[in-house]
Each structure stands twice: as C-alpha cells, then as structure tokens.
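S.K.: The chain contents come next:
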Amino acid sequence: MLQVAVRKQLGDFTLDAAFEVGDAGIVALFGRSGCGKTTLVNVIAGLLEPDEATVRLGGITLDDTAAGTRMPAERRRIGYVFQDSRLFPHRNVEANLRYGLKRVPGGKAAIPFEEVVALLGLGPLLGRRPNHLSGGERQRVAIGRALLSQPRLLLLDEPLASLDAALRDEVLPFLDRLRGRLAIPVVYVSHQFDEVLRLATHLVLMEQGRVIASGELGAVSLDPALRSITGPDAIGAVLDGEIVEREIESGFARLRLGSSELRILSDEPIGRRVRVQLLARDLILALGEPAGLSVRNSMSATVVSVTRDDSHTDLVLLDIGGPQVAARITNAATRDLGVRPGLSLRVLVKSVSIRGQTLPTAGETA
Amino acid sequence: MDLLGPVEWEALRLSLAVAGRSVLFSLPFATVIAWLLTRRRFVGRTVLDAFVHLPLVLPPVVVGYFLLVLFGARGPIGGWLDRQFGVQLVFTTAGAALATAIMSFPLIVRSIRISLESVDRRLEEAARTLGAGPFDRFATVTLPLMLPGMLAGAVTAFAAGLGEFGAVITFVSNIPGETRTLPLALYTAIQSPGGEALAARLAAISFTLGLGGLLFAEWLARRLRSYLGQ
Numbered sequence: 008m009l010q011v012a013v014r015k016q017l018g019d020f021t022l023d024a025a026f027e028v029g030d031a032g033i034v035a036l037f038g039r040s041g042c043g044k045t046t047l048v049n050v051i052a053g054l055l056e057p058d059e060a061t062v063r064l065g066g067i068t069l070d071d072t073a074a075g076t077r078m079p080a081e082r083r084r085i086g087y088v089f090q091d092s093r094l095f096p097h098r099n100v101e102a103n104l105r106y107g108l109k110r111v112p113g114g115k116a117a118i119p120f121e122e123v124v125a126l127l128g129l130g131p132l133l134g135r136r137p138n139h140l141s142g143g144e145r146q147r148v149a150i151g152r153a154l155l156s157q158p159r160l161l162l163l164d165e166p167l168a169s170l171d172a173a174l175r176d177e178v179l180p181f182l183d184r185l186r187g188r189l190a191i192p193v194v195y196v197s198h199q200f201d202e203v204l205r206l207a208t209h210l211v212l213m214e215q216g217r218v219i220a221s222g223e224l225g226a227v228s229l230d231p232a233l234r235s236i237t238g239p240d241a242i243g244a245v246l247d248g249e250i251v252e253r254e255i256e257s258g259f260a261r262l263r264l265g266s267s268e269l270r271i272l273s274d275e276p277i278g279r280r281v282r283v284q285l286l287a288r289d290l291i292l293a294l295g296e297p298a299g300l301s302v303r304n305s306m307s308a309t310v311v312s313v314t315r316d317d318s319h320t321d322l323v324l325l326d327i328g329g330p331q332v333a334a335r336i337t338n339a340a341t342r343d344l345g346v347r348p349g350l351s352l353r354v355l356v357k358s359v360s361i362r363g364q365t366l367p368t369a370g371e372t373a
Numbered sequence: 411m412d413l414l415g416p417v418e419w420e421a422l423r424l425s426l427a428v429a430g431r432s433v434l435f436s437l438p439f440a441t442v443i444a445w446l447l448t449r450r451r452f453v454g455r456t457v458l459d460a461f462v463h464l465p466l467v468l469p470p471v472v473v474g475y476f477l478l479v480l481f482g483a484r485g486p487i488g489g490w491l492d493r494q495f496g497v498q499l500v501f502t503t504a505g506a507a508l509a510t511a512i513m514s515f516p517l518i519v520r521s522i523r524i525s526l527e528s529v530d531r532r533l534e535e536a537a538r539t540l541g542a543g544p545f546d547r548f549a550t551v552t553l554p555l556m557l558p559g560m561l562a563g564a565v566t567a568f569a570a571g572l573g574e575f576g577a578v579i580t581f582v583s584n585i586p587g588e589t590r591t592l593p594l595a596l597y598t599a600i601q602s603p604g605g606e607a608l609a610a611r612l613a614a615i616s617f618t619l620g621l622g623g624l625l626f627a628e629w630l631a632r633r634l635r636s637y638l639g640q
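Those protein sequences? They're chains A and B, same order as listed. For the first sequence, the working numbering begins at 8 and goes up steadily by one. For the second sequence, the working numbering begins at 411 and goes up steadily by one.
Read the hints as simulated data drawn from the structure, not as lab findings. On a predicted model such as this, the values are computed, not experimentally measured, just so you know. Glycine included, every Cβ here is placed at the ideal spot set by N, Cα and C. Incorrect hints may appear among the rest.
[Said to hold, decoys possible] Label pairs and their in silico Cβ distance ranges:
#1 A:A116 / B:L468: 56 to 66 Å
#2 B:R531 / A:P119: 25 to 35 Å
#3 A:L133 / B:A614: 46 to 56 Å
#4 B:V457 / A:D19: 33 to 43 Å
#5 B:G454 / A:P231: 57 to 67 Å
The whole structure should be built from the sequences, with the hints applied where relevant.
M.R.: Next up, the structure:
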C-alpha cells in the first residue's frame, strides 16, 4: 500500500497532490509535461524535500512533515528509473546492475541477478560500457539496476520519453513482461496515453500540480476529466476481458466482458486475458437491432447518463451488463433517438476499430 | 660522454623530490577545499576562495617570508613542530616541499574544482536511490569521475613545482644537496663566473621537464576520460 500526500512550492508552481495505490499493480501518473509528475515522484523517492508531505509505503513512514520524519533517499529502498537512465559511465553493465544489489541491507535478494538479466535480455550486454549501448539498451539496464536494488516500490519516470518510436517498441515488451512478475507497486510517469493503456492498472490524472481524478484504469478512462488532458478523441472505455471462444476461419475471438461478448480480431488462445479500448467516438447507438450492416458487434445496453461533451456533442454512458462504456454522439442524435437515462438500446462497434492487447495471465503473475 | 654532471643530477633529483612531496602533501587538502568551495554554501566561502588563490597574486618572496615567520625555528608552528616531533623545516628539503605546495595549491584546487563541477550530480542521485550513503557515493561515483581532472591537475602542479624559486629561496635558502633545486642551481650558475655552460644545461633540463609535464598531463586526462566513457 502506497499513500502519498504532498505539498511543494517551486517558484510560482504549486504541487498539491494526493493518491493511494494497493500492494501490487501499476499506477500511471498521467498528465501533460510540466504538470508536476516528476516533482511528485522526486518527493516520493526522497530526492526533493517537500514543504508538507505524508508518504507511507506498506506501513513504513517515509515522510511525515507534521511529525518531523524524513527518511533519507538512500534508506527508502525505492527503485527509480530516470528518464535519462543515469548509468554510471565508469562501470560496465554488470557493475551497474550490481551496484544496488550489493547495498541491499542483509544481502537478501528476492529478485536474483540471473532472473533480471534473463527477463530484460541483458546477457550479451554485461561486459559493455554504457557509452557503447543504444538508448533502448541503456533504459533496460537502468530498469534492471533499479529492480536489483530489491525495492519496495518502483518509480519509472517516463522511461521511454527519450527514445524514438523504434526504440520504444524495443523496450515496451520488456515492461510488459515485468508487469506480470512484480509483487511490488509501480508508479509509472507518462504523458503518452498509449503507454498508460498498455501498462497501467490504476490511473492518476494530474493537471497543474493537482490530482484531478484517480482510480482503476477502467473507471478513470470514462472520467470527463481525462478529456482535458488527452483531448476528446482518446476518451473511451478500457475494459479487461477473457477470450472464451475462437472463430478460427474468420480470425475472430470472442471476448467476455461482464455479461456481454465482443468479437475482436485476435489470435490469442481461449483463456487469455485481453485489454481492449472502445473509443467513445467509434461507438454507434441504435434503437433496434439493425440489419445489413458490416458491423460485427451489437450489444444490448442501458443508458446510465447523458452529459454535454462539447457544443455539438454529448457523452452517453452505457451499461453493457456490468462494465460501462461511453459513446460520443451529436446533440442532434441524442434528440432524435430520445436518448435518456434508463433507455435500452444497442451499442454497435466495428471489430477493426477495437484496439486489443494481451494481459499477463494469472499463472505468470508472481 | 656524460650529458649531465653531478651538479645537474643533484639539482634534478632535488627538484623531483620537492615537487613530488609537495603534490602528495597538497592533494588531500586541495580535494577537501575544492569540495567545500564547489558543493557547500557557508559564511566565509568567498574569503576562503580568495585565500586559496592568494599565492597566485602575491610575490613569492612574500609567501616565503610568511612561511619563515610561521614555520621558522622560533615561529609559532615551526617551534611547536620542533619541540613535539623534532621536525625542522627551515633549510631542509621538507621545507622546500612545503613552500612549493603552497605556491602550487591554487593550481591543484582549481583543477579539482573544475573536475568536480563536471561530475553529473544526477549520477549521485541515482546512487542515492540505489542505497549509497554520502561517503559511499563520493568514493564510488564522484571520486572516480573527477579522477581525470585531479590527476591532470596533479601533474601540472608537479611540473610547476619543479621550478618554484622565490618562495623556496626565501624560506629554506639555497643549500647544495638540501634545497638547491633546478632553478636555484641555475640562479647560482648565472651568478658564478664561467657558469654559462652549466646554466644553459640546467635551463634545457627545466624546459624539457616543463614541456613534458604539460604534454603528459594532457595525454593522461584524455586517456582517463575515454576510459571513463566521457
């Protein structure tokens, strides 16, 4: 359990943020550049002195300004992966990796060296100097180094921000693998919503030094507050489901979401857990079951609420038998269809507009 | 044919001994002072900074005079050293090394400061998050990264120390086999009738050592920097 409440004045910028995360899981601190994400993470790590703060991690008080408690950064056992990797240039990769490992109190290593090397594919790099590594390799070593310090919490400050698209794609799969293996909470700072979607279980939205929404990814992804950061086009339900049936010939897989099923294009086997994003702008509402359409998904739904989205659009929140989705339609459509809370209708979504992504299965989670 | 006679050899040996001891003596102090001046904000920092740089602007004779007053046989420090440890600095090689150390101190402090300022403090932060305390961080991150500049500074100070004249001759006089280093021997040769050839040879030695020292310092710094991946 990580509990954070921080106040810090920097010039005319005020950071005043609070959030909580459970024992495991990846919480994404998401917001535009300059909203105070890195400042917040530096306070948690103990690198920046807060004006007022309470930071507790698994029953241990790291910061409590009211009681005058402030644990030095070197004793917090918080792994920190910096945006600019910060590998020691005078040590080779192996010595970098072992730096934190050697300093673990009591020398107990729950995360062994060999496992981290294998997990992050660092074997061929061990003898090299950091200046002979690519940007992506450097970040992988930095992640390994932080993990091997046997942290109680892992902080990742935009670990992919300094990499170009190709290198990002090289590192992301390693972060994916990590997600399934870690038994500690992770705070992942990002201003890229696709990274958040791919990795996070929880989402903390920040704007101008404040937390404007926080909670499970699925819930926050429907929060209108998200719109102010991502813009209207990224709003949409993020749902985790399980593949229950495959239609081999057509390439479809049936994904169960509550009592509804969704046809997605996927090669994953039955039993796999898959995360999908249904963008609000991609959903179509129909009063009856339509015929003669190319759309492959039609789910029955009940309207939960209708809120004004824009001068000409509404955001309709719908219950699809447990999970909720959001649809963005024009004011005119709302009026013509008579959309109001309690109304039953059909939600249509094209299979090709669904972005799916495999989640680690329960068996892989350590 | 012997290029160097016994007089030249002795002067060379003394110069090397004096310069070597002065660098070994001043390096630890210079590191601490450079650290304070670069990393700490305290009252009197500017005064300390000026004090360290004083030998650069004072006439060397003045430095030698102050040393004589403080470290002379009846001086407050010199007298104490003599009573407690039987150490005498006036008219000795050790005294010449002390005078040389003080004269080259600003050089060493300056090069250590520059190398300390070039150490990326974000690397020290990274070491902190990995569990390294203050001394641990200094020994395993800061010091190795500032080593190229420190060694280059030490070599430069050594080369400069080979030729220290004013402070040495004022403090420890010009005693053959004890304090007559290269420049002092050269000065003596110029003063003696028929010493022109000796003077020329001593000047050539000084020239070669100085140039060699500077080139070596540069080469060393470059080698170490590439070793450190900078």
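S.K.: Take the hints in turn and mark each one as holding or not.
M.R.: Taking the hints in turn, this is what the structure says about them:
A hinted range of 56 to 66 Å holds for the C-beta pair A:A116 and B:L468, which are about 58 Å apart. Take B:R531 and A:P119: their Cβ atoms lie about 31 Å apart, and the range 25 to 35 Å holds. The hinted range of 46 to 56 Å is satisfied by A:L133 and B:A614, whose Cβ atoms lie roughly 52 Å apart. For B:V457 and A:D19, the Cβ-Cβ distance of about 35 Å falls inside the hinted range of 33 to 43 Å, so the restraint holds.
Remark: the range hint 57 to 67 Å for B:G454 to A:P231 is upheld by a beta-carbon distance near 58 Å.
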